[in-house]
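*Asks:* Here are the chains, one letter per residue:
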Amino acid sequence: DAGVTQSPTHLIKTRGQQVTLRCSPKSGHDTVSWYQQALGQGPQFIFQYYEEEERQRGNFPDRFSGHQFPNYSSELNVNALLLGDSALYLCASSSHRDRGGLYNSPLHFGNGTRLTVT
Amino acid sequence: DAKTTQPNSMESNEEEPVHLPCNHSTISGTDYIHWYRQLPSQGPEYVIHGLTSNVNNRMASLAIAEDRKSSTLILHRATLRDAAVYYCILRDEAGTASKLTFGTGTRLQVTL
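From first to last, the protein sequence lines stand for chains A and B.
Counting along the first sequence from 1, when you hit position 81 you're at 81 in my numbering, and nothing is skipped either side.
Counting along the second sequence from 1, when you hit position 50 you're at 50 in my numbering, and nothing is skipped either side.
What the hints contain is simulated information worked out from the structure, not anything from laboratory work.
A portion of the hints provided could be inaccurate.
In the DSS-like style, the derived pairs of lysine-lysine whose C-alpha atoms are separated by at most 30 Å in a straight line are [as the list claims (entries may be wrong)]:
hint, chain 1, residue 1, chain 2, residue 2
1, A, Lys26, A, Lys13
2, B, Lys99, B, Lys3
3, B, Lys99, A, Lys26
4, B, Lys99, A, Lys13
5, B, Lys69, B, Lys3
6, B, Lys69, B, Lys99
7, B, Lys3, A, Lys26
Covered stretches of chain A, going by a simulated chain B footprint (3 or more residues, C-beta under 8 Å) [claimed, not checked]:
hint, region
8, 38-45
9, 110-116
With the Cβ distance kept under 10 Å, some of the chain A side facing chain B (calculated, not the full set) [as the list claims (entries may be wrong)]:
hint, residue
10, Ser33
11, Tyr35
12, Leu90
13, Cys91
14, Leu107
All of these numbers come straight from a predicted model, not from anything done at the bench.
For glycine and all other residues, C-beta sits at the position ideal for the given N, C-alpha and C.
Build the full structure now, drawing on both the sequences and the hints.
*Replies:* Structural data, given as structure tokens:
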């Protein structure tokens, strides 16, 4: 049973460029969330996708956008890259059936994409 | 989101028990207490969660104070593979299922 997979594992971009990161959720999961983790910090929530729509968004600018495909995989796009966008980008998957209450099931994270902006 | 407070770092000897504390004095009645850990060069990994009663699983135990304002993650016999950053997170029952609010966690060092 494949877990959450992310690609690429590492990426180097120049300030001002655009980047696309990809995520395949765990088998059976239909909800994908993206997190940004700066060095020495905990992950910060960017947004969540379910049924190909953005459902929740954290405190990130519009330069950060995403997409979810019919097979539940997802992309994170960042435009006009800044040096401060250098971070580990994590994808997490879950199932909409497992919300709260009795279930409150865990999120499954991938190992992330390390983005360096120079 | 309710906040948690954890020590920045802790140390333990291998095969000794480890007690990782977490304070959450503003916890609401519908908040579950979740613990995740992040090993070096990996994404966070779920460890355990609970609401009011103490919980056990194959990885750890979670002891929750009677007033729910604090909790303790217990690793019964630490190994070198348990060296990681441990995050204590409050998660609303209402199901903002994907939005976890991480703090800076506790970095656990395990030595021989």
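*Asks:* Against each hint, give a clear statement of whether it holds in the structure.
*Replies:* Tested hints:
1. For the hint pairing Lys26 (chain A) with Lys13 (chain A), the CA-to-CA distance comes to about 28 Å; that is within 30 Å, so the pair holds.
2. Restraint check: the Cα-Cα separation between Lys99 (chain B) and Lys3 (chain B) comes to about 14 Å, which is no more than 30 Å; the hinted pair holds.
3. The hinted pair formed by Lys99 (chain B) and Lys26 (chain A) meets the criterion: a straight-line CA distance of about 17 Å does not exceed 30 Å.
4. Restraint check: the Cα-Cα separation between Lys99 (chain B) and Lys13 (chain A) comes to about 28 Å, which is no more than 30 Å; the hinted pair holds.
5. A C-alpha spacing of about 11 Å is found between Lys69 (chain B) and Lys3 (chain B), which places the hinted pair at or below 30 Å, so the restraint holds.
6. For the suggested pair Lys69 (chain B) and Lys99 (chain B), the alpha carbons sit about 21 Å apart, so the restraint of at most 30 Å is met.
7. With a CA separation close to 29 Å, the supplied pair Lys3 (chain B) and Lys26 (chain A) stays within the 30 Å bound.
8. Three residues within the 8 Å Cβ limit are the bar, and the region 38-45 of chain A against chain B gives 6, so the coverage statement holds.
9. For the region 110-116 of chain A, the stated coverage by chain B holds: 3 residues have a C-beta nearer than 8 Å to a C-beta of that chain, and at least 3 were required.
10. For Ser33 (chain A), the interface hint holds, the least distance from its beta-carbon to any beta-carbon of chain B being 4 Å, beneath 10 Å.
11. At a threshold of 10 Å, the smallest CB-CB gap from Tyr35 (chain A) to chain B is about 8 Å, leaving the interface hint in force.
12. This hint holds: Leu90 (chain A) has a C-beta 5 Å from the nearest C-beta of chain B, less than the 10 Å allowed.
13. Interface hint status for Cys91 (chain A): upheld, as the beta-carbon distance to the closest one in chain B is roughly 8 Å, under 10 Å.
14. Residue-level restraint check for Leu107 (chain A) holds (minimum Cβ-Cβ distance to chain B is 6 Å; threshold 10 Å).
Violated hints for the displayed structure: none, as all numbered hints are satisfied.
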